[in-house]
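**Student:** Residues per chain, in single letters:
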Amino acid sequence: MAALRTYIIVRTLMTIPIVFTLLTIVFIILRVMPGDPITAMVGMKAPPEYIERLKEEAGLNKPYHVQYMDYILGIIRGDFGRSLIWGKRPVLAEIFDHLPATIELTIFGFIVSIIIGLITGTVAGVKCYTKVDTTLRLYSIIAYALFIPWLGMMFQLIFGVYLKILPIGGRIDPGLTVGWNTVTGLYVLDGIITGRYDIVLNALQHLILPSLTLGIVLSGAYTRLVRANMIDVLSQDFIRAARARGLSELKVLRHALKNAFIPILTMMGLQFAILLTGAVLTETTFSWPGMGTFLLERIKYVDYTTIQGTIVFFAIFVSVVNLVVDILYALIDPRIRY
Amino acid sequence: MAINMKALFIAAVVLIALGVVFFAVSKPPVTSPTPTTTPPTTTPAVSQIVIGVTDKVTDLDPSNAYDFFTWEVLNNVMEGLMRYKPGTTELMYGIAESHEVQEGGKVYVFHLKKDLKFADGTPCTAQDVVRSIKRVMEIQGDPSWLVTEFVEDVVAVDDYTVKFVLKKPVSYFLALLATPPYFPVHPDYKPDEIDSDQTAGGVGPYKIVKWVRDQELVLEANPYYHGEKPKIERVIIRFFKDATTLRLALERGEVDIAWRTLNPADIESLKGNPDLQVIEVPGAAIRYIIINVKMPGTDNKLVRQALAAAIDRADICKRVYLDTWEPLYSLIPKGMWSHKDVFLEKYGEGSNVELAKSLLQQAGYSEDNPLEVELWYTPTHYGDTEKDLAAVLKEQWEATGMIKVTIKSAEWTQYLEFTRKGALQLSLYGWYPDYIDPDDYTTPFLHSAANAWTGSGYANPEVDSLLDEAAVKETIEERTPYYEQVQEILAEEVPITPLIQGKLFVAAKKNVGGIVLDPTMLFRYWLLYWKE
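Here the protein sequences come in this chain order: P and F.
Under the working numbering, think of the first position of the first sequence as 1, with each following residue one higher.
Under the working numbering, think of the first position of the second sequence as 1, with each following residue one higher.
Mixed in with the good hints there might be a few duds.
Listed next, the in silico EDC-like pairs over lysine to aspartate or glutamate satisfying Cα-Cα at most 20 Å (straight line) [what the hints assert, rightly or not]:
no., chain 1, residue 1, chain 2, residue 2
1, P, 300, F, 242
2, F, 503, F, 233
3, F, 56, P, 97
4, F, 421, P, 97
5, P, 88, F, 398
6, P, 55, F, 242
7, F, 408, F, 398
8, P, 300, F, 275
9, P, 62, P, 52
10, F, 473, F, 242
Some chain P residues near chain F, calculated using beta-carbon distances under 10 Å [said to hold, decoys possible]:
no., residue
11, 50
12, 137
13, 139
Simulated from the structure, these hints should not be mistaken for lab results.
Ideal Cβ placement from N, Cα and C applies to all residues, glycine included.
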């Protein structure tokens, strides 16, 4: 366990230069991009002296190296700064306003992708080189190549407009949360905590189409990976031995899956970052009020501090998830040591 | 093994399918014309209308809010001394009951209605009006110029009397008073800083009961409102990220009204839906081309006139906007007093190629020596159609055979910077009014002391003097001839070419009544009702 602790500390320290590099790149890109947040916000009617005053107040007239140092020092102090537009709210408050929606969508999208990926991958692996396998491999390629907004719109049309059985956008029915205060911001969880099962049900209904969209697109990669690993594991000696000893196929499969799972776990960690990216497109399609749509909007307004803060936050978030995945390795496979 | 795997797969598929069906069938009925669709256990059933928009509420503080949709919301939860009569551009009293103009238009004294209250029952007096306006002056947010440019001082004479001392007489001061920076706000608003998320509101027909940024805004009737009580108890604004989802939500019944802004193609399609109504009225938004009068080529008046003559506005409306905009032949929009179709009178309807050619020849150009111009647009700020607008203009101008157009684009912020520096020769722009008055459609574009932002370099002392005169005359009858003359000069000198005027579209369920739109572009939620 001491080795694991050292590993966690080293991995955590390694996150710092990653975030620092990312922050520097984002800082440079934003300054190289044409325009500035003040001009974007006040529009064409504002007099030049007013724009200058706002730039001065926001510190945008300082030399770039001074702005950079100010920002880095702020981050070290845990101060992500304030947005440069609309009321100049603290960036962290903006992030925490939008993060729960993305987390909720990501979790459900993740679950859907894992379920579909594991089932299709296992079936394809077991039935390798048959028609079923070919069909599922074809599915994985199509799913991987699907464009999220297109798939989302198809779902909206079929389930929302033609069949009218599922909502096509938003997190919850309008007006349902009046007089109700969230606890974590995750509606399903909060509904359970506060005993508002109408909210739980309604939130789940709203989650179906976006998480299916996200989950299906991301399941393609799992299908292929699970299939390849299953084929590999199923041909190994210990599986033959297990079968020779008369173990039921289900038990054999369980052993095989457990062994095939380690590379899949790595994939899960990597997919999490892709999930967040996918969530941006899914959020836009389903009017989901999460981080993706928020970040896109702020990029449009060149809101330096918010963009920088959000990206740093994401970087830390993804690093932590990957770290957790690495730790899970050790727990799943005792052979792995750090 | 084969059987087991098959069973496992089938079981999983069935489970997922069952899950979907379970949630689907357990979905409460879709929003119906009658009250609340899904009454939450903790709130009573109330009459409710859901409005979907792709806009956003930027800032609930009138000292800093400066966009149309936020102003619309503020107009529903606050009220100023003056307001517009719904369906018209006529001004009427809001929280004032009378007023006097003194000292030749330099002093305005307003008498407030008695027993005005904020939505929580706190009394609203003249002191609150003064506090709110001074707060705007002190905070100096984006729209503060609507106060600071005109008001020298504002004082509460007593609990029910507010006195404004202006820097100089301003004939459209009453129109300014109908803008949010002049609205009284609840004492809960921070006194000396922007309070963007404050929901205490003002003395309007509705109060804010819930606001989840970018998700929903829930309004309920203000029990203390001094005017007629809203017919709908609760109005919910749902924020959508794109117009297509908004359209689908309307078709599915998730929203009762789809408001700003549907795509032109969606509007056309929704018109054919028998369960919906699509309402269309002229809007106050205009589009135009700023022409740089200092740049070689367009510094020649004949060239500018030729460019104006070759434009076919109806063709633009049809091809680019599917007739969701209409031709505009002056900077002052149709429907507003003093509007004159000056470009129509001078250059005719459609593309007047012969006139354009003749003017270009007089300017020294020919088919062998064509005029070369740069037309700039910004790709996203005015929507996806901007590129098409530039392409159609290029086609129309090049149809003369004597003009060669190069199309260029820049992102919005860069576009603004280029414009201010006077670096663009021809640039496409749009205008939403701050106050509904011809002054707001002329002075910012043509007065040399106010048009630096256009980068056109246009200055004409005669126009300056006409606009200054028009601003101090008191009646519409007195002011009209001045604006008519300014429009005549505009058509002659063409520092700006008007192109098109927007229409407003609302798509709603058939049984939604009380949708009243007008060029102020403000949707009054308190007039809405469900038809029997």
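**Student:** Run every hint past the structure and note whether it holds.
**Tutor:** Hint-by-hint comparison with the structure:
no. : hint          : in the structure
1   : 300/P x 242/F : 15 Å, holds
2   : 503/F x 233/F : 29 Å, violated
3   : 56/F x 97/P   : 15 Å, holds
4   : 421/F x 97/P  : 39 Å, violated
5   : 88/P x 398/F  : 47 Å, violated
6   : 55/P x 242/F  : 31 Å, violated
7   : 408/F x 398/F : 16 Å, holds
8   : 300/P x 275/F : 37 Å, violated
9   : 62/P x 52/P   : 12 Å, holds
10  : 473/F x 242/F : 45 Å, violated
11  : 50            : 8 Å, holds
12  : 137           : 15 Å, violated
13  : 139           : 13 Å, violated
The structure does not agree with the numbered hints 2, 4, 5, 6, 8, 10, 12 and 13 stated previously, though it agrees with the rest.
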